[in-house]
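Peer 1: Our numbering numbers the first residue of the sequence shown as 1 and each following residue consecutively.
Each hint should be verified, as a subset may be incorrect.
What follows is a set of in silico ranges between Cβ atoms, one per label pair, in the way DEER data are often shown [stated by the list, open to error]:
{"#": "1", "residue 1": "Asp315", "residue 2": "Val200", "range": "58 to 64 Å"}
{"#": "2", "residue 1": "Tyr292", "residue 2": "Ala316", "range": "22 to 28 Å"}
{"#": "3", "residue 1": "Ser77", "residue 2": "Val200", "range": "40 to 46 Å"}
{"#": "4", "residue 1": "Pro114", "residue 2": "Tyr161", "range": "29 to 35 Å"}
{"#": "5", "residue 1": "Tyr79", "residue 2": "Val200", "range": "18 to 24 Å"}
{"#": "6", "residue 1": "Asn50", "residue 2": "Ile84", "range": "26 to 32 Å"}
{"#": "7", "residue 1": "Lys265", "residue 2": "Tyr292", "range": "18 to 24 Å"}
{"#": "8", "residue 1": "Ser356", "residue 2": "Ser279", "range": "29 to 35 Å"}
{"#": "9", "residue 1": "Val200", "residue 2": "Ile234", "range": "26 to 32 Å"}
{"#": "10", "residue 1": "Cys232", "residue 2": "Ala267", "range": "33 to 39 Å"}
{"#": "11", "residue 1": "Pro191", "residue 2": "Gln215", "range": "37 to 43 Å"}
Derived from the structure by calculation, the hints contain no laboratory data. Virtual Cβ for every residue (Gly too), placed ideally from N, Cα, C.
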Amino acid sequence: MRPFKLTKLYQLLGLSLISSSIVASEQPTAESLVGKAYLGGHAMYLKTDNDRFLNENANSAIDHASGAGAELGYRASEYVETRISYTHFKPVAEFNNYDVPSGSSTALDLLYFPYKESFYVVGGADFLDVEKSNLSVAAGAGYRHYLSRNMALYFEGKGHYQLDDNHTDLSSKIGFVYFFGTEPKKVVAKPVAVVAPVAVVAPKDDDKDGIINSQDNCPNTPEIDEVDDYGCTIFVEKIESIKLSVNFDNNKAIVKDEYKSEIAKVASFMNKYPHVNVSIDGHTSALGSAQYNQQLSEKRAQAIVDMLVNDFNIDANRLKAVGHGENELLDTANSPEAHKLNRRIEAHFVARQQVSKKR
1 MRPFKLTKLY
11 QLLGLSLISS
21 SIVASEQPTA
31 ESLVGKAYLG
41 GHAMYLKTDN
51 DRFLNENANS
61 AIDHASGAGA
71 ELGYRASEYV
81 ETRISYTHFK
91 PVAEFNNYDV
101 PSGSSTALDL
111 LYFPYKESFY
121 VVGGADFLDV
131 EKSNLSVAAG
141 AGYRHYLSRN
151 MALYFEGKGH
161 YQLDDNHTDL
171 SSKIGFVYFF
181 GTEPKKVVAK
191 PVAVVAPVAV
201 VAPKDDDKDG
211 IINSQDNCPN
221 TPEIDEVDDY
231 GCTIFVEKIE
241 SIKLSVNFDN
251 NKAIVKDEYK
261 SEIAKVASFM
271 NKYPHVNVSI
281 DGHTSALGSA
291 QYNQQLSEKR
301 AQAIVDMLVN
311 DFNIDANRLK
321 AVGHGENELL
331 DTANSPEAHK
341 LNRRIEAHFV
351 ARQQVSKKR
């Protein structure tokens, strides 16, 4: 391969540098270009391999070619672009007395931006038609100079190796690209007027029950009480009870000492709940006549009432002695055990009161 002239290559590169230096650049970020497509146009100078003879009998080779073309590209990521381009050019023979037919280049390239910005390396496949079309592989590098966030100039150099005929060609391009789409507008925060804070006075709740004074219908409820929506204590019913069961000897109405402690508990219950009034119910076994048993049951009930009044100071008006005779037997059998069970006093004391519900 003979030395070749680089005059036109230098001229194109020089023109590229001059053009880029006189225009102020506005470099977009690589991230803002991702997903955008672009169109462009370019001028290309191709220095052909000196082994490209016009035909087998010619004594002149193709020296170079120049032309123009267009391209379509897409920024796939911050680092990678894909590009397809077409260039139409006119080859020139080493001796101008030969007329060489027009040629073309159809290239599919991958551009890699190692620093995400202007410098890139390029590689790809090129159907290079110089006298005839053959597949070439190409590699090179380039530099892109942004005129705005959408427009840029670039210059690029590549080497082409034609696989079938082992030709090596060199090309240089200067071009212009335009990215479609716009960047999101930057939102400029408007100044916010600073307003002096206004002191907020909390509504008063003097009894601290969670209901403010203006809505509290019961302003002095205890802090431990649970209240309703109007600030009043919630009351619930409390039920407390005690039972008294006393047995008597046959034909007797005397309270045995063993039951006095149980009667004392009843007295204590009645003192705790002074509103409770109680009926003392006396019973007998089935032995004897019904009339006698009725009288005996009343005596037994009265014996309990007298003890509560005399020994424990319970108001007699709160007590009532009732005899049931043999009418309410617990055990109807005719046996000593059944008779003993039926000789009894029964009383059931129940106190109901409203108490405050606690928090």
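Peer 1: Next step is simple, just say for each hint if it's right about the structure.
Peer 2: Here is how each hint holds up against the structure:
1. Asp315 x Val200: 58 to 64 Å: holds, 60 Å
2. Tyr292 x Ala316: 22 to 28 Å: Given about 26 Å between the Cβ atoms, the range holds.
3. Ser77 x Val200: 40 to 46 Å: For Val200 against Ser77, whose Cβ atoms are near 54 Å apart, the range 40 to 46 Å is violated.
4. Pro114 x Tyr161: 29 to 35 Å: violated, 23 Å
5. Tyr79 x Val200: 18 to 24 Å: violated, 56 Å
6. Asn50 x Ile84: 26 to 32 Å: holds, 29 Å
7. Lys265 x Tyr292: 18 to 24 Å: violated, 32 Å
8. Ser356 x Ser279: 29 to 35 Å: holds, 30 Å
9. Val200 x Ile234: 26 to 32 Å: Given a distance of about 31 Å, which is inside 26 to 32 Å, the answer is holds.
10. Cys232 x Ala267: 33 to 39 Å: At 36 Å between Cβs, range holds.
11. Pro191 x Gln215: 37 to 43 Å: holds, 42 Å
Of the numbered hints listed earlier, those contradicted by the structure are 3, 4, 5 and 7.
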